[in-house]
Amino acid sequence: MTNKIILSVKDLSVAFHKRDGSTYAVNGISYDLHEGETLGIVGESGCGKTVSSMALLKLISMPPGKIETGSAIYKDGKDLVALSSKELRLYRGREIAVIFQDPMTAFNQVMTIGDQMIEGYVEHFGCTRKDALKEAERLMDLTGIPAAKTRLKDYPSQFSGGMRQRAMIAMALMCKPSILIADEPTTALDVTIQSQILDLMKDIRKEFGTSIMWISHDLGVVAGLADTVNVMYAGMIVESADVDELYYNPLHPYTKGLLGSLPSTDIDNDQKRLKSIGGYPPILSKKIEKCPFADRCSEATDICRHGCPSLSERTGQHYVACFNV
Amino acid sequence: MAGTILEVKGLKVYFPVKRGILFKKTVAEVKAVDEVSFAVNDGETVGLVGESGCGKTTTGRAILKLIEPTAGEILYKGKDIAKYTQKEMLPLRREMQMVFQDPYASLNPRMSVMDIITDPLVEHKIITKHEKEERSKVLLETVGMNPRYMNRFPHEFSGGQRQRIGIARSIALNPKLLICDEPIAALDVSIQAQVINLFQDIQEKFGLSYLFIAHDLSVVRHISDRIIVMYIGKVVEIAEKRELFKNPLHPYTQVLLSSIPTPDPKRERERKRIELEGEIPSPLNKPKGCPFSSRCPYAMDRCREEEPNPVHLDGNHIVSCHLYQK
Chain D
203 MTNKIILSVK DLSVAFHKRD GSTYAVNGIS YDLHEGETLG IVGESGCGKT
253 VSSMALLKLI SMPPGKIETG SAIYKDGKDL VALSSKELRL YRGREIAVIF
303 QDPMTAFNQV MTIGDQMIEG YVEHFGCTRK DALKEAERLM DLTGIPAAKT
353 RLKDYPSQFS GGMRQRAMIA MALMCKPSIL IADEPTTALD VTIQSQILDL
403 MKDIRKEFGT SIMWISHDLG VVAGLADTVN VMYAGMIVES ADVDELYYNP
453 LHPYTKGLLG SLPSTDIDND QKRLKSIGGY PPILSKKIEK CPFADRCSEA
503 TDICRHGCPS LSERTGQHYV ACFNV
Chain V
3 MAGTILEVKG LKVYFPVKRG ILFKKTVAEV KAVDEVSFAV NDGETVGLVG
53 ESGCGKTTTG RAILKLIEPT AGEILYKGKD IAKYTQKEML PLRREMQMVF
103 QDPYASLNPR MSVMDIITDP LVEHKIITKH EKEERSKVLL ETVGMNPRYM
153 NRFPHEFSGG QRQRIGIARS IALNPKLLIC DEPIAALDVS IQAQVINLFQ
203 DIQEKFGLSY LFIAHDLSVV RHISDRIIVM YIGKVVEIAE KRELFKNPLH
253 PYTQVLLSSI PTPDPKRERE RKRIELEGEI PSPLNKPKGC PFSSRCPYAM
303 DRCREEEPNP VHLDGNHIVS CHLYQK
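Line order of the protein sequences matches chains D and V.
By the count of my numbering, the first sequence reaches residue 527 at its end, each step adding exactly one.
By the count of my numbering, the second sequence reaches residue 328 at its end, each step adding exactly one.
Errors might be hidden in some of the hints.
Derived BS3-like pairs (lysine-lysine); straight-line CA-CA distance at most 27 Å [claimed, not checked]:
#1 D:Lys477 with V:Lys268
#2 V:Lys268 with D:Lys458
#3 V:Lys288 with V:Lys27
#4 D:Lys404 with V:Lys268
#5 V:Lys207 with D:Lys477
#6 D:Lys474 with V:Lys178
#7 D:Lys206 with D:Lys260
#8 V:Lys274 with D:Lys404
#9 D:Lys212 with D:Lys492
#10 V:Lys207 with D:Lys474
#11 D:Lys212 with D:Lys458
Where chain D lies over chain V, by a calculated footprint (3+ residues, C-beta under 8 Å) [what the hints assert, rightly or not]:
#12 107-119
#13 156-164
Some chain V residues flagged as far from chain D (calculated, every beta-carbon gap over 10 Å) [to be verified]:
#14 Lys14
#15 Arg21
#16 Ala84
#17 Lys127
#18 Glu133
#19 Asn148
#20 Lys288
#21 Tyr300
#22 Glu309
#23 Asn311
Note that these hints are calculated values from the structure, not bench results.
Built from N, CA and C at the ideal position, the CB exists for glycine as well.
All chains, please: the whole structure from these sequences, using the hints.
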């Protein structure tokens, strides 16, 4: 990880306007991604972690989705938010690639794995199929798929879940992107396969120096992989810090609650009851006007119910959005 | 813990694989559950863990006879119910209930909450229609929900609330044994903790026994007294939870435990994962001998030829592995 900023997101807001109402999914988030950094984005379902990341490449359906405000400055100085879909094609796959959550449905079922892998490569680099297939074979080999050459001719249905996820990672690496967005890439996998994929991701990071945005709800997975962690709640980043700082010294009541609600990992700890966060996450049908966590927060005061705190720095590089910290 | 409420002996569930259009012939069998034996004591929580396709859900369903077992005995309070007809099962269903995984699919969207949770009571003719409201109130309060919601429909609730409704339905008949099939897998972390606490409260209040099926080992470790580990249709290890986590014997259990990510960055970075080659074989062509022999780092010739029998070791620790065969 270097100090060079590769992507700078400022005040990004995304909403979905449908006939039966609006959903304010992402509410003014800002963060920087550095070269070679692995940024963990954690939060519960509906917190906006996927939408905020996919919106960078306009991979959300628009309409009903709409990027309301904000910018995302890529390292070449271009604002991804301002680019047209056509201009963005130069970035998709080439500069920023995505590993999708569900390896079962993210592939086209009627194209061979090989054809899907080389599609973007041929498009971006204008090389021959033969050269592209050679590169695909190399990457399949690298991601640990045995007999890569023959397997390129297979269809996705002939791959197991773990192998499909490996193929998806190989496909994302085809154009040597600077940023990989990994959207819960191990959630659909069994634990032993998950740990194989996590090891693979660590190797890839070492070999290619890629920056990774790792979206996950699993705090255990993020602990082992991330350099920096953003915690999201109700479409906002409520806390952001270096991984050790965040896990050992959480400041936001939501982060504390989230970490506290996990069963203890110490077998000698005879914990009887888990700490839980009462209540449920808010429904985002209105613009946020007060702290979205106030209703579930034990430390909430009057000020929390009347204004929305913004993300600000407390100690070095530790950012929190809370009035009471 | 006094008596044994449930004992499963040599349970087998085979699914035939059929080919042909007119004259369907059975060409193979998927041995989803193969010679599974274990017991659940009164008031105990037994965790059943394993990866997808290992047969844990099928085992749970076969015990309640939602799937017909192929062979073996299921002793509920000493009586073998494996051969019972559905009609004979009916009175027993009051005592054995299930909590399903998916709170979105397991509640009838056309029924109100009150109808959903009192349906078992009406079905068993325990209450009349006029008592439904009163019972619903008590049940909803037990699972920590506002009784005012009883006339609402499932789609008006979040996942965690739906799972509470599912639990209310399961405990309506005052069962003795609850089979919970991944009841928290579909829930968010902060909601998981609420539901796990609810399971423990209910157990204390009603003296229930749980068979808790899950793939999330940290949750199973928290809630269980004993843990059963399955691998493609076979039980590979059973032990008291502390014993299992401190002293896992079966190579598969060792791999499984070393794969759990912990929410502790320093420990995560230092932790050595046991490398495991390959993937889970298809239950259609299981390896000969020990099911784990194709991936096991300690596999010997004997493992590829001969299936290991369960070995009973000190402290109620049972392991099916040739390494421990005397």
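Each hint tested on the structure:
{"no.": "1", "hint": "D:Lys477 with V:Lys268", "verdict": "holds, 23 Å"}
{"no.": "2", "hint": "V:Lys268 with D:Lys458", "verdict": "holds, 18 Å"}
{"no.": "3", "hint": "V:Lys288 with V:Lys27", "verdict": "holds, 21 Å"}
{"no.": "4", "hint": "D:Lys404 with V:Lys268", "verdict": "holds, 16 Å"}
{"no.": "5", "hint": "V:Lys207 with D:Lys477", "verdict": "holds, 20 Å"}
{"no.": "6", "hint": "D:Lys474 with V:Lys178", "verdict": "holds, 22 Å"}
{"no.": "7", "hint": "D:Lys206 with D:Lys260", "verdict": "holds, 24 Å"}
{"no.": "8", "hint": "V:Lys274 with D:Lys404", "verdict": "holds, 14 Å"}
{"no.": "9", "hint": "D:Lys212 with D:Lys492", "verdict": "holds, 21 Å"}
{"no.": "10", "hint": "V:Lys207 with D:Lys474", "verdict": "holds, 15 Å"}
{"no.": "11", "hint": "D:Lys212 with D:Lys458", "verdict": "holds, 26 Å"}
{"no.": "12", "hint": "107-119", "verdict": "violated (count 0)"}
{"no.": "13", "hint": "156-164", "verdict": "holds (count 3)"}
{"no.": "14", "hint": "Lys14", "verdict": "holds, 24 Å"}
{"no.": "15", "hint": "Arg21", "verdict": "holds, 19 Å"}
{"no.": "16", "hint": "Ala84", "verdict": "holds, 30 Å"}
{"no.": "17", "hint": "Lys127", "verdict": "holds, 36 Å"}
{"no.": "18", "hint": "Glu133", "verdict": "holds, 30 Å"}
{"no.": "19", "hint": "Asn148", "verdict": "holds, 12 Å"}
{"no.": "20", "hint": "Lys288", "verdict": "holds, 16 Å"}
{"no.": "21", "hint": "Tyr300", "verdict": "holds, 16 Å"}
{"no.": "22", "hint": "Glu309", "verdict": "holds, 22 Å"}
{"no.": "23", "hint": "Asn311", "verdict": "holds, 25 Å"}
Hint 12 alone, counting from the list given before, is not met by this structure.
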